[in-house]
Amino acid sequence: MEMTGEQLIPLPQDTTWRALNDTEILKACIPGCESIEKRSDNEYLLTMTARVGPVSAKFKGKMTLSNIDPPHAYTLVFEGQGGVAGFAKGEASVQLTPEGDATKLGYAVKAMVGGKLAQVGARLIDGVAKKLAEQFFTAFNQQAQQISR
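Per this note's numbering, the sequence shown starts with residue 79, numbered consecutively.
Among the hints, erroneous ones may be present.
Using 27 Å as the maximum straight-line C-alpha spacing, the simulated DSS-like pairs for lysine-lysine come out as follows [unchecked claim]: (1) K188 x K209; (2) K182 x K209; (3) K167 x K136; (4) K105 x K138; (5) K138 x K208; (6) K209 x K140; (7) K182 x K136; (8) K194 x K136; (9) K116 x K136; (10) K194 x K209; (11) K188 x K208; (12) K194 x K182; (13) K116 x K138; (14) K138 x K194; (15) K209 x K105; (16) K105 x K116; (17) K188 x K167; (18) K188 x K138; (19) K138 x K182; (20) K209 x K167; (21) K138 x K167; (22) K140 x K194; (23) K140 x K105; (24) K140 x K116.
Since the hints were made in silico from the structure, they are not lab data. All values reported here derive from a predicted model rather than from experimental measurement.
Use the sequences and the hints to build the structure in full.
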């Protein structure tokens, strides 16, 4: 599954960058996220619950940041195991571009699931992924604006 999109964040680029690297903001914005624990400057342990159709799973995984170019871009890589439900792994490239007093956040996501999750069908998974992305960015916009006050 691949997905691209853009969001206009009504904050300066530096503030948006800080918010994208704040684990409390990320935890509040990632649907189903239960915990994010920083292991090093670029590595985090993540626990989240996800539901795709009839399959619900608790994922434990690792999130790693690479290609870091503050305050312009980074690549986020996720690998997680959901027990009998299967696995998920993916990569998201995030670009920040100044847009007046705001910031344009562009993203490109590649994801793959296996196990029972893959059996529920690609169209269902694509729909859930798009919904999760929309929920994340709506929440991120709200959370990022709160820290800037």
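Comparing the hints with the structure gives:
1. K188 x K209: 15 Å, holds
2. K182 x K209: 20 Å, holds
3. K167 x K136: Measuring from Cα to Cα gives roughly 14 Å; hence the hint holds.
4. K105 x K138: 14 Å, holds
5. K138 x K208: 21 Å, holds
6. K209 x K140: Holds, at about 22 Å.
7. K182 x K136: Roughly 32 Å between the alpha carbons, so the hint for K182 and K136 is violated.
8. K194 x K136: Roughly 13 Å between the alpha carbons, so the hint for K194 and K136 holds.
9. K116 x K136: Within the cut-off at roughly 19 Å; holds.
10. K194 x K209: 20 Å, holds
11. K188 x K208: Cα-Cα ~12 Å, so holds.
12. K194 x K182: Violated, because 36 Å separates the two Cα atoms, which is more than 27 Å.
13. K116 x K138: 14 Å, holds
14. K138 x K194: 16 Å, holds
15. K209 x K105: Cα-Cα ~17 Å, so holds.
16. K105 x K116: 12 Å, holds
17. K188 x K167: 9 Å, holds
18. K188 x K138: 19 Å, holds
19. K138 x K182: Distance ~31 Å between K138 and K182 Cα, so the pair is violated.
20. K209 x K167: 17 Å, holds
21. K138 x K167: Distance of about 11 Å is within 27 Å: holds.
22. K140 x K194: It holds: about 20 Å lies between the C-alpha atoms, which stays within 27 Å.
23. K140 x K105: 14 Å, holds
24. K140 x K116: 10 Å, holds
This entry does not satisfy hints 7, 12, 19, going by the numbered hints stated previously.
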